[in-house]
Amino acid sequence: MNLLLRILQKPSISSTYDDQQWDLLIRQARSAGLLAHLYHRFINADVFDSIPQKVKHHLNSEFILSNRQHDAARWEISQIQQALEELGLPIVLLKGAAYLQTGLPSSSGRFFSDIDILVPRTILIDTEQRLERWGWYTTHHDEYDQKYYRKWMHEIPPLQHITRKSTIDVHHNILPLTARLHPDPEKLIASSVQINEEFELYVLCPEDMVLHSATHLFHDGELEHGLRDLVDLDRLLRHFGEDDEYWERLVNRSVELELSRPLYYALHYTSAILKTPVPEAILKSDKLDRPSAPMAFLMDKLLMRALMPAHHSCDDWFTGTARWLLYIRSHYLRMPIHLLIPHLFHKSFIRPYNEWKEARKMDKSQNLSKPKTESKPEIDIFE
Amino acid sequence: MRKTQAYHFNTEVWSVARVGVFHWKKWPDSDAVILYFSGNGDTHLLTYLGYLILEELRKSPKTQPELIQVLTALIKNPDEVLPFPTEMVKAHLFHLKKIGLVVS
Amino acid sequence: MTRLNQISYDNFEDAIRSSGIRLRTGPFTTNLSTKLRDVIHNLYLLYADHTVSIEPGFSDFHLKIHQPSFFRRWYHPQVNFSFDGLTPFNPLPRPQAYAIFEWGLNWCISNYSHQYLMLHSAVLEKNGHAVIFPGAPGAGKSTLCAALSLSEWRLFSDEVALIEPVSNNLVSNPRPISLKNKSIEIIKAFSGEAIIGKTIYDTSKGTIAHMQPPVESVHRSNEKAKPKIIAFPKFIPGAKKSLIPLTKGEAFIKLCENAFNYSTLGLKGFDMMSELIDQCDCYQFEYSDLNDAIDTFNSIVPQKPL
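Chains as they are written, first to last, in this note's numbering: chain A, 1 to 383; chain B, 1 to 104; chain C, 1 to 306.
The hints are simulated quantities; they were obtained by calculation from the structure and are not laboratory data.
Please note that the accuracy of each hint is not assured.
[To be verified] For lysine-lysine, the following DSBU-like pairs were computed, each having C-alpha atoms within a straight-line distance of at most 35 Å:
#1 K25/B - K226/C
#2 K25/B - K35/C
#3 K90/B - K25/B
#4 K90/B - K56/A
#5 K241/C - K54/A
#6 K234/C - K56/A
#7 K56/A - K304/C
#8 K182/C - K26/B
#9 K26/B - K228/C
#10 K54/A - K226/C
#11 K268/C - K165/A
#12 K54/A - K98/B
#13 K54/A - K224/C
#14 K26/B - K234/C
#15 K165/A - K90/B
#16 K97/B - K284/A
#17 K165/A - K62/B
#18 K26/B - K224/C
#19 K62/B - K205/C
#20 K54/A - K304/C
#21 K254/C - K59/B
#22 K90/B - K268/C
#23 K165/A - K25/B
#24 K165/A - K241/C
#25 K56/A - K224/C
#26 K59/B - K268/C
#27 K25/B - K64/C
#28 K268/C - K25/B
#29 K10/A - K205/C
#30 K241/C - K56/A
#31 K304/C - K26/B
#32 K188/C - K56/A
#33 K98/B - K224/C
#34 K151/A - K188/C
#35 K254/C - K25/B
#36 K26/B - K254/C
#37 K126/C - K98/B
#38 K26/B - K268/C
#39 K90/B - K254/C
#40 K165/A - K98/B
Keep in mind it's a predicted model, so treat the numbers as computed, not measured.
Kindly produce the complete structure, drawing on both the sequences and the hints.
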C-alpha cells in the first residue's frame with residue numbers, strides 16, 4: 001500500500017487519515033527521505049494545522065533538521081565562493097546547492113549531503129588546490145580510485161573539509177567521459193545564470209537544470225534516492241512550466257545537448273507517478289528520444305518499482321531484482337563494457353580483499369580476538 | 001621575517017565574516033559573553049574584549065591600529081592611564097579568525 | 001491502552017512475538033516486537049506500570065530485537081536492533097539483547113525528536129521544580145538519579161532531558177534506570193524497594209542492570225515541570241560534598257557540550273538554552289555519599305509554589 005504517492009499528488013487527502021494510515025505514511029516518507037518535504041507540502045496545502053499532534057512532531061523534527069542542513073550548506077557555499085573568487089571564473093552550483101541558493105521550491109525540505117559544483121575542466125587542478133588551502137582535502141587515498149576518477153569520471157574524487165567534514169564534489173561535466181551520452185559542458189557553462197551580481201556564483205539555466213536532474217536520475221544514478229529525485233524533477237517542472245514557452249525550449253535544448261532520452265523518461269515518469277502537468281503535445285513530441293516498445297516495457301517494470309519509497313510496505317517480489325538490474329544498468333551506461341567488467345571486478349573482489357588484508361594486519365598487531373567491523377557506528381553512545 | 005609580518009599586521013584590514021549574524025547573551029554574574037554565530041551555527045564563550053572587537057568590526061572593517069584606537073576610546077578610564085594591551089588584541093584577532101568569525 | 005501489569009504475561013508474550021506491542025513512555029509510543037524470551041521477561045518486569053496496547057495504531061518508532069542469522073544462533077550468537085527495517089548498528093553478543101533495546105530506543109529519541117531541545121541528563125522533580133543533572137559518563141548521574149527517585153523525587157528521565165519550545169517546560173519520559181557495575185550493589189543496599197532486572201555482563205560499559213522506575217513517576221508522566229536547578233554531578237570517592245555555583249556563561253557552554261541537538265536547533269536552540277539558563281541556578285556538585293547528596297538537593301529545592 002503506497003500512501004506516500006497519493007499524498008504527494010494531493011496532500012489534502014490526509015484529512016481522512018486514521019492513526020494507522022498516518023503511521024504508515026510517516027514510515028514511507030522517512031525511508032524515501034521526504035518527511036521534511038511533506039512538512040512543506042502540508043503547510044502549502046493549508047492542512048498542516050489539522051494534522052494530529054503526534055504526527056506533526058515527526059514533520060517538525062525533520063523540518064528542523066533540514067533547516068539546519070540548509071544553514072550549514074549556505075555557510076559551505078560562502079566558504080567555497082571565498083576560496084575560489086580569485087579565479088575570477090564562474091563557479092556553477094549544481095543540484096541541491098543550486099536549488100537552495102536560488103530559493104527554488106524544490107529546495108524546501110530537501111536533504112542533501114554534498115555540495116556539487118561545476119567548473120571548466122581547464123581550471124580543475126587550480127580549483128582543487130585553492131579548495132585545499134581552505135581546508136578541503138581528497139577523501140580517496142586509494143590509488144585505484146584516484147586513477148579511476150581522474151581518467152574516466154566527470155568529477156574529481158570528493159573533497160572533505162578537515163574540520164567541518166562537509167563534502168564537495170567538483171565536476172567538469174554532468175556525465176562521465178566514458179558515458180554513452182556526451183553533453184558538452186561548455187554549453188552548460190555558457191548558458192548558466194548568475195545568482196546575484198556581487199559574486200561569481202552561477203546555476204544552470206532552467207532547461208539545463210531539469211536536464212541535469214533527469215540525466216542524473218535516469219542515466220547516471222543508482223536510484224538510491226529515486227523517489228526524492230523524481231520529486232525534485234516534479235517541483236522544477238511545475239515551477240518552470242508556469243511559463244508556457246518553457247516546455248518547447250526544454251525539448252529543443254535536450255536535443256542540442258543529446259539528452260532527449262533522459263528527458264523522455266523524466267517527463268514520462270513525473271507525469272505518470274506524480275501527476276506533473278506536462279503538456280500532452282510535449283509528451284508526444286517527436287524530438288524526444290523514446291526507447292523502443294520492448295525496452296520501454298522493461299524499463300517500466302523496473303522503474304515503477306525502483307522509484308517507490310524504499311520501505312518494505314512498498315516492495316513486492318521483484319523490487320530487489322529491479323533495483324539490482326538498474327544498478328548494473330547505471331554502470332553499463334557510464335562506461336563501455338570492456339572497462340565496466342574490470343571496474344566491477346575491482347569493486348567487488350579486489351577492494352574487499354584489500355580491506356580484509358588490512359583488517360587482518362590490524363587484528364594481528366593489536367592481538368585482538370574479537371572481530372571488529374567499524375563500518376557502522378557503535379550503538380553505545382549513551383552512558 | 002618578523003618585520004614584514006608586523007608591517008603586514010598594521011595595514012591588514014580586519015572585518016567580520018561575510019555571511020551570518022551575531023547573537024549575544026550576557027549575564028551580570030561575569031564579564032564573559034555567549035555568542036551564537038548564525039553563519040556556521042557555532043556557539044562560543046568570549047571575553048568582553050572579544051565582544052567589543054567583534055562589535056567594532058561589525059560596524060566597519062578596520063586595521064589593527066584603527067581598532068586599538070577605537071577600543072582605547074571605549075574603555076577610557078579617567079582615573080588611571082593604562083597602556084592598551086596590544087598583544088591581547090592581536091591574540092584575540094587570531095583566535096576569532098581561527099573560529100571563522102573574522103576575516104583579514 | 002492499559003497498564004502492562006493488567007495484561008497477563010502470556011497475552012503480552014503472544015502479542016510481542018507476533019505483530020508487536022505499542023509501549024508508551026512519556027510522549028513517545030514505540031512499536032516493539034521480539035521473540036527473545038529474556039527481553040520479553042525483562043520488559044514485563046521493568047515496564048510493569050507503563051501503558052501498552054496490543055491494538056494497531058500510531059507509533060513513533062518501530063523496533064525489532066532479533067537474532068541476525070540462523071546459523072549464528074549456535075556460533076557466537078548475536079543480537080540485532082532494527083529500526084523500521086534498517087539496522088543502524090553492528091550486532092552485539094546475544095546476552096546483551098535487553099540492553100540493545102534500551103540503547104536503541106535512546107538512539108531513536110535523540111535522532112528523531114528535534115521538536116524538543118534534548119540534553120544528555122537525568123531529570124528529577126520535587127515540589128513542582130525540576131533539577132537537571134547533565135552527565136558525562138562516569139559522573140555518577142544514574143546512581144544519583146536512582147537514589148533520588150527512591151527518595152520521594154519524581155523521575156523524569158535518567159538519560160535525556162526533553163525541553164519543549166515556547167513554554168520551556170521539561171517533559172517527563174520515565175524509563176528504567178540503567179545502573180552500571182558497582183552502582184547496582186550500591187542501589188540495592190540503598191533501598192530495599194529497588195526492583196532490579198536481569199544483570200547483563202561484559203557490555204562495553206561493563207556490567208549493567210536496569211531499575212524499574214517508581215510507580216508514581218510513571219503514573220504522573222504527563223505532568224510537566226519548570227526547570228529550576230542545573231547541577232553537574234561528579235562522584236569522587238571519599239570527597240566531602242560540595243555545591244559550587246557556576247557562572248551562567250560557564251553553565252551555558254558546559255550544557256551545550258551535553259546536548260544532543262543544541263546545534264541542530266540553530267538559533268532556536270540558542271534562544272531556548274539562554275532562557276533555560278536564565279531560569280536556573282547552576283552548580284557543580286561533588287559528592288561521595290548518596291544520603292548527603294539527597295539532603296543537599298532536598299534543602300536547595302524551593303518549596304511548592306503557592
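Against the structure, the hints:
1. K25/B - K226/C: Holds, because 21 Å separates the two Cα atoms, which is no more than 35 Å.
2. K25/B - K35/C: 52 Å, violated
3. K90/B - K25/B: Within the cut-off at roughly 24 Å; holds.
4. K90/B - K56/A: 49 Å, violated
5. K241/C - K54/A: 43 Å, violated
6. K234/C - K56/A: 38 Å, violated
7. K56/A - K304/C: Measuring from Cα to Cα gives roughly 34 Å; hence the hint holds.
8. K182/C - K26/B: 41 Å, violated
9. K26/B - K228/C: 19 Å, holds
10. K54/A - K226/C: Since the Cα atoms of K54/A and K226/C sit roughly 22 Å apart, the hinted pair holds (cutoff 35 Å).
11. K268/C - K165/A: 23 Å, holds
12. K54/A - K98/B: 43 Å, violated
13. K54/A - K224/C: Holds, at roughly 17 Å.
14. K26/B - K234/C: 27 Å, holds
15. K165/A - K90/B: 29 Å, holds
16. K97/B - K284/A: 58 Å, violated
17. K165/A - K62/B: 32 Å, holds
18. K26/B - K224/C: Given that 35 Å is the threshold and the Cα spacing comes to 28 Å, the pair holds.
19. K62/B - K205/C: Violated. K62/B to K205/C sits at ~53 Å, over the 35 Å cutoff.
20. K54/A - K304/C: Given pair K54/A, K304/C holds - Cα atoms ~31 Å apart, limit 35 Å.
21. K254/C - K59/B: Measuring from Cα to Cα gives roughly 31 Å; hence the hint holds.
22. K90/B - K268/C: 33 Å, holds
23. K165/A - K25/B: Answer holds: K165/A to K25/B is near 28 Å, not above 35 Å.
24. K165/A - K241/C: 42 Å, violated
25. K56/A - K224/C: 20 Å, holds
26. K59/B - K268/C: 25 Å, holds
27. K25/B - K64/C: Not satisfied, since the Cα-Cα distance of roughly 44 Å exceeds 35 Å.
28. K268/C - K25/B: 13 Å, holds
29. K10/A - K205/C: 49 Å, violated
30. K241/C - K56/A: 45 Å, violated
31. K304/C - K26/B: Given pair K304/C, K26/B holds - Cα atoms ~30 Å apart, limit 35 Å.
32. K188/C - K56/A: Roughly 42 Å separates the two Cα atoms, so the pair is violated.
33. K98/B - K224/C: Outside the cut-off at roughly 42 Å; violated.
34. K151/A - K188/C: 67 Å, violated
35. K254/C - K25/B: 15 Å, holds
36. K26/B - K254/C: Satisfied, since the Cα-Cα distance of roughly 16 Å is no more than 35 Å.
37. K126/C - K98/B: Distance of about 45 Å is beyond 35 Å: violated.
38. K26/B - K268/C: With a Cα-Cα distance of about 17 Å, the restraint between K26/B and K268/C holds, given a limit of 35 Å.
39. K90/B - K254/C: Given pair K90/B, K254/C holds - Cα atoms ~27 Å apart, limit 35 Å.
40. K165/A - K98/B: The hint holds at about 16 Å.
Of the numbered hints stated above, those contradicted by the structure are hints 2, 4, 5, 6, 8, 12, 16, 19, 24, 27, 29, 30, 32, 33, 34 and 37, listed in ascending order.
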